[in-house]
Amino acid sequence: MEHSFTITGTTLTVHLPSEIDHHSSRQLCQETDRLIQRRNIRRILFDFHDVSFMDSSGIGMILGRYKTMRFLGGTVMAVNVGERMQRVLTLAGVYKVIDIYEGAPEQSRLL
Amino acid sequence: MQQNEMRLEFDSRSCNEAFARVTVAAFMTQLNPTLEEVADVKTAVSEAVTNAIIHGYEGRVEKITISCQIEGEYLLVEVIDKGKGIADVKRAMEPLFTTKAECDRAGMGFAFMEAFMDTLDVQSAPDCGTTVRMSKRIARTETGSPQSRSFPAVQL
Ligand SMILES: Nc1ncnc2c1ncn2[C@@H]1O[C@H](COP(=O)(O)OP(=O)(O)O)[C@@H](O)[C@H]1O
Ligand SMILES: [Mg+2]
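Which chain is which? The protein sequence lines are A and B, in order.
Heads up, the first sequence is in the working numbering, so the first residue is 1 and it goes up one at a time.
Heads up, the second sequence is in the working numbering, so the first residue is 112 and it goes up one at a time.
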């Protein structure tokens, strides 16, 4: 599964691909960064719905975008995060800087 | 005692990261692993192969070798590159340490290998390349229900 994007106001939802590694995250980073620049994005929602594999390249991808959002005064969150991906994100300490949801909270849908 | 071996040599192209981890996952199915054990090994292999590609060969297309052994309940995996090498292995293995922060590296690769495998050993020297040796015990619980262990664990 490939990635795709949805923009609602200043919120960018990144529908992540099924496998996130160094190979697949390169293009994902480039496209995400281009949208952040051009569309005045202040909130990024990483949607893990389709993700079955992620290594530390995915952690670098998320933290890199987090740094950009922090610089712009925005926020980042992760939704639809399954058990395995929760383990991977927790191990990397990502939950310390972004909110991680098992499902898709109402609030994030409304945006 | 169960014994088996395989060796794989491939180009250091990033499209081979998925190929490498899926191949090792396929090889380990004979140990009857759980889905979680397969995911652990795939992650660790992906980390080591990615490191060989971006740090070892720094984008040049050369050869990476993976050698796998099954010894009883143990899976042993070696990922070998003949690239740049590491001057200070201990420092490189510290969580968050990276020499490529500008490329969105999190410095978590070795930490992931350590967390997802039982043992990790890194042999490296500048200009001589790097060998990452990892092992994991794939424990068979004789009492465990067959369904819980015999998933077709490889996702191709
Ligand atoms: N195969 C390798 N060849 C040369 N240097 C390596 C290799 N593997 C790791 N390193 C060095 O160790 C550091 C830490 O690796 P790692 O924990 O995987 O983090 P990252 O890949 O995010 O930088 C790398 O930044 C690099 O300097
Ligand atoms: Mg790495």
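Simulated from the structure, these hints should not be mistaken for lab results.
Be careful, since some hints might not be right.
Stated by the list, open to error - BS3-like mimics (lysine-lysine), calculated; alpha carbons at most 25 Å apart, straight line:
(1) K67/A <-> K174/B
(2) K96/A <-> K195/B
(3) K96/A <-> K67/A
(4) K201/B <-> K211/B
(5) K211/B <-> K174/B
(6) K195/B <-> K174/B
The hints, checked one at a time:
no., hint, verdict
1, K67/A <-> K174/B, "35 Å, violated"
2, K96/A <-> K195/B, "34 Å, violated"
3, K96/A <-> K67/A, "13 Å, holds"
4, K201/B <-> K211/B, "17 Å, holds"
5, K211/B <-> K174/B, "21 Å, holds"
6, K195/B <-> K174/B, "13 Å, holds"
Checked against the numbered hints given earlier, this structure breaks hints 1 and 2; the rest are met.
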